[in-house]
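Fit chains B and C to the given chain A structure using the hints.
Listed below, chain by chain, are the residues.
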Amino acid sequence: MLLLTCPYCGVEAEETELAPGGEAHLKRFGPGSSDDQFEAYLFARKNPKGVHFERWRHAYGCGKWFLAARCTATLEVFGTYPAQTSGPPDDIIARIKARRPDWKGFA
Amino acid sequence: MSTRLTTGGRLIDRAAPIDFSFNGKRLSGFAGDTLASALLANDQMLVGRSFKYHRPRGIVASGAEEPNALVNLGHGARAEPNQRATTTELFDRLQARSQNHWPSLEFDVGVLNKHAARLLPGGFYYKTFIHPRAAWKHLFEPIIRQTAGLGAAPKDGDADRYEQVYAFCDLLVVGGGVAGLHAALVAARAGARVWLVEQSAQWGGRAPVDGDLIDGVPAADWVDAAVAELAGMAHVTLRARTMAAGVYDHGYVLLDERLADHTPGDGRPRHRLWRMRAGKIIAATGAIERPLSFACNDVPGVMLASALRDYLVNWAVVPGQRTVVVTNNDDAYRTAIALHQAGQTIAAVIDARDQAEGALPAQARACGIRVETGKSIARVKGGKRVTGVEVCRQTGDGTISNFLACDAVAMSGGWSPVVHLYSHCGGKLIWDDAGAMFRPDAAHPPITHDGRAMVIAAGAANGALRTAVADADAQVRIALKELGVKARKAKAPRQDLPDEAALQPVWIMPQAATLGLRAKAWLDFQNDVKVSDVQLAAREGYQSVEHTKRYTTLGMATDQGKLSNINGLAVLSEALNEPVPQVGTTTFRPPYAPVPLGALAGEARGAVFQPLRKTPMDDWHAAQGATFEPVGLWRRPYCYSHPNETPQQAVAREVKNTRQALGLLDASTLGKIIVKGPDAGRFLDMLYTNVMSSLPVGRCRYGLMCNEQGFLSDDGVVARIDADTWLCHTTSGGADRIHGWMEDWLQCEWWDWQVFTANVTEQYAQVAVVGPNARKVLEKLGGMDVSQDALPFMAWTDGSLAGFGCRVYRISFSGELSYEIAVPADQGAAFWQACHDAGAALGAMPYGTEALHIMRAEKGFIMIGDETDGTVTPQDLGLDWAVSKKKADFLGKRGQERRFLASPERWKLVGFETLDGSVIPDGAYVAAAGTNANGQRHVQGRVTSTYHSPTLGRGIAMGLLLDGPDRMGEVVSFAKVDGSTVQARVVSPVFYDKHGEKQNV
Amino acid sequence: MSDAVSPISAAGSEGFARVRQIGPLGMVTLRAKAGTKGLKAAVKDATGCALPDKRRIVTKGAFRAGWMSPDEYLLILPRADVAKALAAIAKALNGQHHLAVDVSDARAVFRIEGAKADQVLRKLCPVDFDRLAAGELRRTRAAQVAAAFWRDDAGFTLVCFRSVAGYMGDLLRLCAQPGSEL
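Residue numbers (the numbering used here), protein chains in the order written: chain A, 1 to 107; chain B, 1 to 1001; chain C, 1 to 182.
By construction, these hints were calculated from the structure, which means they are not laboratory data.
All values derive from a computational prediction rather than experimental measurement.
Mixed in with the good hints there might be a few duds.
Said to hold, decoys possible - Listed below are several chain C residues computed to face chain A (Cβ distance under 10 Å; list not exhaustive):
1. K44
2. D45
3. L51
4. R55
5. W67
6. M68
7. S69
8. P70
9. D71
10. P126
11. R138
12. R141
13. V145
14. A146
15. A147
For glycine and all other residues, C-beta sits at the position ideal for the given N, C-alpha and C.
This is chain A alone, in the form it adopts within the complex:
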């Protein structure tokens, strides 16, 4: 059962206080997008073994959505950060690179 620190209220919350929200940093495609774009937005998920970015809501706490960078294999958490961003912040990227030198980077 995971332990993630909510970047908004600072509580180190256990998984039962959180609600999962799937992969982070998806770009929304609405009307006017191609079938391929829309399909990718709705269904295509990276599901990596290793570094992953995902959405969590501090549902039983401050109610805010935040994002977490985590290794899906070892469950190491590289960091959590507010959801108001379209990509992982630099300090998170730097932490991941320090811990996973052969990581290919966020794409």
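Okay, now just chains B and C, sitting in the frame of chain A:
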């Protein structure tokens, strides 16, 4: 003869005798006994029958690893099967019954299975129960059901209570032996918040039993001092009788504390499950001695050498008068020496090694104990207890060299570190050739959230069998460093132990044992798996240890192979001609030892099994004897039956009364979310399929919400409160979900939009006042103008009724003249009563959810969850009018443009009228011509709502039908479960008041 | 007009900690982004309390202001003062994007008191009570429902939704049963 010595026993209090019973026989023991030690003290060697062959079985071990001595404990509401006698503390009037025998333990019919042993080889289950197919249902399954399982499941509800507690610490030390105690001391002295747990009732583990010296003082004294020091520190928590059941992600550990197992009915919870979050875990869980695999090693009286020592030292019990010790290592000599010193006779030490020249063998010889090297046991003689052993050369095939009369056998095949906690979250093991054991690989520990080791093994659990304290000192310092806690510099206590010579791995005894011997050499005592079974599995092509485990059932019993795993996989590796580490181990999974289901359920049983949400009028409903139904976690009145009225009759009456006079509904569960801000209109236009920004202040509009796929997710009436405030009603079960959905989009996608939401569902009690007399009752309550002119259909206004400040919505979910009135929740019950009082003369009656459903179905109104199931679009339900064509974007718009959703060939909403007036069964499908590849009828539609309409006096239904709206008047056929069909005509889903005149008067 | 009635009758209990329901209290949910002009004044005018820091609750007599999330505050006050508080907030935040609503009826409030009051909550909430700061308002889960609580000298005040008041009362009393002290 197994008996209690007149002196000794460090754990028993001879001044406190305890009466207990076994299979109805009255026996007595002492305070401090386990059930196992007390049984042995009463010469009760036979304690159970094995699972498959029903062989007589005795106690083998002295702790959690015991495979044989499983009993039914207690009776009635305190009965529990499969309790290990070795870990059950004796208490007054304890009642135990042996398991897996019929008709009695002494005479058991199932023992006949042993004569069929050749017909019950490894993989028997898979080989036998496949053919013929019909035999499964009529022959095999009934027999398996009859014989499956060990103990008897209790029939009564559990009389005990259980609880769970959340706990946190920097360092959790598991295991209260000398390694664990020392690790806890170092950490506690450094100021860390420490927990130390021990599964048994005593601290100290093996060291006090073996009489070790620590820093020159007897281990028992050192342990007492350590415990006293730890107990005196406020930041240290000590819990005995507490088993670490499992290690999970990010330092989460379940600890099962046995509070009242030994004091049943004393008012305390029986077990307490600690839900621990530890910064770091030290697994100082010790090691478990391995049996040796020789023929008839399961006869009662054959025990682990360490267990014999435990029974002697801790409880002054000796299982026999004349003992043979059989070993491949020096440690077992301790048992021979201890027994000798207690005045017992040692027939011989049979040592598989060619040489035994260590300090302990030398001491044994000096005591006059006969030592035979290079020897092994060919076979144990005896049925229900040992009568002797046949001795042979270890390197031979079992040719007997001599016979030794004895009534107890102490066996030792070496020690296996208890690596379970290290392995639960993926810690890797390495094979230690010298110790012939798997031990934790510190280079590949389980990882916690900071990327560092979550579990660090220490002491014997780390393979440091003879340097446990020194190893614990080193490991705890690593742990503290990683926790950022500075440990004081200090030398580790010195353990003075005699030197020991190397053990010699012995997996089969003797080495070239004949099939006859191997077929009697038990690996897994509880599941009756023998050396020959594992070898057969290898010959049949099983190479993976995981497959072999499942094929032979090795290690799959309640003891999870604590004794059998290493021996079994070593036998497999020899059979496969591969080294042990290459074959590997099976996966160690929680729990380490069984945890009662009651402890896992914790407080969640009875009244608080799950939250029950109640409306402000709930007491009134209950007092009226309402029949309740769950709606999400809410409980809502289904109907209010009058005396001598069935629920069905009550529902019909409630519908008719509402349509003809006046119905009152508790609608408080309806979700209510306030959405406010400069961008609120724009936001709601994205959320709803229709336009909400254009809604005039004071008006209401029905709206639909879809997910991005384009499927319906919720519906409800939206009211415009002021220029930048809207109130969104959601379905009863949907308030939290939709509020979360709104926040998701506001926080994660449109975070620059200025919108705030608040879920005010529970702030208001809401009463639907419905029927031709609705206006009259409100006028009677008085206080505001509720006329058609002042408050037309789909308008709302604030005001007061009978002195209650309220908000009145002119909306209708029944098709009748209807007002929904919201008052502050605290006043809900009073307002509800006021409505009834004022309505009494106008025919007011409460109605429940079933009448609500029928009335909305009569009107063709959809219900989220009935007409929708996550694959239905608004267009499927004929709700195109509520989907904006003008808006450039809304959630679900792009999804609805996908080819399959936009296809004209979809199942669409229609009404169905049965030709015979009957009610179509729930969930029935509309049959189509032909069958699919599985021989099932093709289908072309299904029913989504189906009721008996009291208003129309016939069955009505709504449903989805291929091209439905184009097929009005056609008769289709619904398939019923019994194979028959019911014919129904396709009609408009609006069965009642087709033009909506009644609600708009 | 009838008197306000709290969700369930305020029965006490004879456990190792005292559990009772209190109220009715006035409560206002105030949503506004930190730094909104007039926010400090709004909280001050409504409750007399300073704007609470992250995860803190400020008390001034019968008035409290708690930090619920980066853009949400819970104001607790006598029921009779709710309308006045809402008016004060509206005035102080006039023209600023905010939302203030009366949620007095939507909540149930419990007191858990006694030397071992924390043990009751340790059985229900995944919270490290040893590390609970003074004046901390902790939002969390109590068994299967959402809850928020803070500690004072005599014990804890716990707030949950009104509809689950019965469930919460049962839970608290269950966990305070004699014989189940930790």
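Hints and how they fare:
no.: 1; hint: K44; verdict: violated (23 Å)
no.: 2; hint: D45; verdict: violated (25 Å)
no.: 3; hint: L51; verdict: violated (16 Å)
no.: 4; hint: R55; verdict: holds (6 Å)
no.: 5; hint: W67; verdict: holds (8 Å)
no.: 6; hint: M68; verdict: holds (7 Å)
no.: 7; hint: S69; verdict: holds (4 Å)
no.: 8; hint: P70; verdict: holds (5 Å)
no.: 9; hint: D71; verdict: holds (9 Å)
no.: 10; hint: P126; verdict: holds (5 Å)
no.: 11; hint: R138; verdict: holds (8 Å)
no.: 12; hint: R141; verdict: holds (4 Å)
no.: 13; hint: V145; verdict: holds (9 Å)
no.: 14; hint: A146; verdict: holds (5 Å)
no.: 15; hint: A147; verdict: holds (8 Å)
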